[in-house]
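There are 2 protein chains.
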Amino acid sequence: MTDTLFNGLAIGDRTITGRFTVTPALSLEFARLYDPQPMHLDDEAGRASFFGELVASGWQTMAITMRLVVEARMLAGAPLIGLALDQARFLRPVKPGDELRVETEILAMTPSRARPDRGTVQIKVVTFNQKDMPVLEQLWTMLVLAAPATAA
Amino acid sequence: MTDTLFNGLAIGDRTITGRFTVTPALSLEFARLYDPQPMHLDDEAGRASFFGELVASGWQTMAITMRLVVEARMLAGAPLIGLALDQARFLRPVKPGDELRVETEILAMTPSRARPDRGTVQIKVVTFNQKDMPVLEQLWTMLVLAAPATAA
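Here the protein sequences line up with chains A and B, keeping their order.
Okay, so the first sequence: first residue is 162 according to my numbering, each after it adds one.
Okay, so the second sequence: first residue is 162 according to my numbering, each after it adds one.
Among the clues, some could well be false.
As the list makes no split between identical chains, a pair holds if one copy fits it or if it spans any two.
Once the Cα atoms are required to be at most 25 Å apart in a straight line, the calculated SDA-like pairs of lysine to any residue come out as [said to hold, decoys possible]:
hint, residue 1, residue 2
1, K292, A269
2, K285, I242
3, K285, G169
4, K285, T302
5, K285, D204
6, K256, E190
7, K256, G238
8, K285, E205
9, K285, G243
10, K292, F211
11, K285, R250
12, K285, E232
13, K285, A307
14, K292, I177
15, K285, F211
16, K285, L252
17, K285, E264
18, K285, D247
19, K292, L244
20, K256, L244
21, K285, E190
22, K256, T281
Note that these hints are calculated values from the structure, not bench results.
Chain A on its own, in the form it takes in the complex (with noise of 0.2 Å):
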């Protein structure tokens, strides 16, 4: 515990989540509401278009993605306050019933000088598709607090 900053956390720590299936249905109930592009909505568009099949809205890996790392508790039970996002690179398309994980590693981590039991962490974000390829990358900038009393 040596190299442990705040919230129990160290650089290293990874997290790996458990799994999520994009399922048809929700792939289409995504897309109507945040993404309504042809692609996303409709079998002969998705043949049709850059990708040669229907394919889920990136947006919705993104959303996907912040579900599996809460349901894992990255960060020890602390609350996910994101501050900003980078590299995020869509590396491949996700389709309608691929079934998503996802690997984090804390980076970097800088204490407040005020609050030393926060601060702000880094981290990389690596989402996979069921054949274990990655679809989606992404490093997180979060505010850490303590993590609540109420936190089991």
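With chain A held as given, fit chain B onto it using these hints.
Quick look at chain B alone, frame taken from chain A:
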């Protein structure tokens, strides 16, 4: 039009979108599925949180930003295909009931050598609330194909 590079687009082109209200019901629905943290789900937990009130998920702000630029036919009706996202900064919380709008500007364009009708664009994307305060800024890199013939 002398500085038009592809698909009728030019550096400096701006898009101003319509508006979208993050209703409390939509905020809750998104949080339950994609960002199930107490500060997004429950008034009491919101008040006890870092934010001091119930707030919407930042990932929903991103998703709504996409919807607004799709509706506004940013990039002259070409499909919006994201390659990368950089320099995203969550500047202010978005609260249930807030009304969002987006302004975008093309900062750079790189035509494809093989296919001069297509290329990549870098776009500054800023999301504002109903008080005209920026809540999120981002830099998008998108692949631009020619607009489909069916796009009116």
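Quick rundown of the hints versus the structure:
1. K292 x A269: Cα proximity of K292 and A269: none, with 29 Å in one copy and 35 Å across.
2. K285 x I242: both (15 Å within a copy, 23 Å between copies)
3. K285 x G169: Answer is within; shortest intra-copy Cα gap is 18 Å, inter-copy 37 Å.
4. K285 x T302: Answer is both; intra-copy 9 Å and inter-copy 20 Å each pass.
5. K285 x D204: Result: close neither inside a copy nor across copies, 33 Å intra and 31 Å inter.
6. K256 x E190: Cα proximity of K256 and E190: in one copy and across copies (14 Å, 23 Å).
7. K256 x G238: This pair counts as between: shortest inter-copy Cα distance 23 Å, intra-copy 31 Å.
8. K285 x E205: So K285 and E205 fail the 25 Å test inside a copy (36 Å) and across (32 Å) alike.
9. K285 x G243: Cα proximity of K285 and G243: in one copy and across copies (13 Å, 19 Å).
10. K292 x F211: within (22 Å within a copy, 38 Å between copies)
11. K285 x R250: both (12 Å within a copy, 16 Å between copies)
12. K285 x E232: within (17 Å within a copy, 32 Å between copies)
13. K285 x A307: Cα proximity of K285 and A307: one copy only (21 Å, versus 34 Å across).
14. K292 x I177: This pair counts as within: shortest intra-copy Cα distance 16 Å, inter-copy 40 Å.
15. K285 x F211: between (29 Å within a copy, 24 Å between copies)
16. K285 x L252: Both: 15 Å inside a chain and 21 Å across chains, each within 25 Å.
17. K285 x E264: Cα proximity of K285 and E264: one copy only (8 Å, versus 29 Å across).
18. K285 x D247: Result: close both inside a copy and across copies, 10 Å intra and 14 Å inter.
19. K292 x L244: Intra 31 Å, inter 21 Å, cutoff 25 Å: inter-copy only.
20. K256 x L244: Classified as between: cross-chain Cα gap 16 Å, same-chain 29 Å, threshold 25 Å.
21. K285 x E190: neither (29 Å within a copy, 27 Å between copies)
22. K256 x T281: Between copies only: 23 Å across chains, 34 Å inside a chain, cut-off 25 Å.
Hint compliance for this structure: hints 1, 5, 8 and 21 are not met, and every other hint is.
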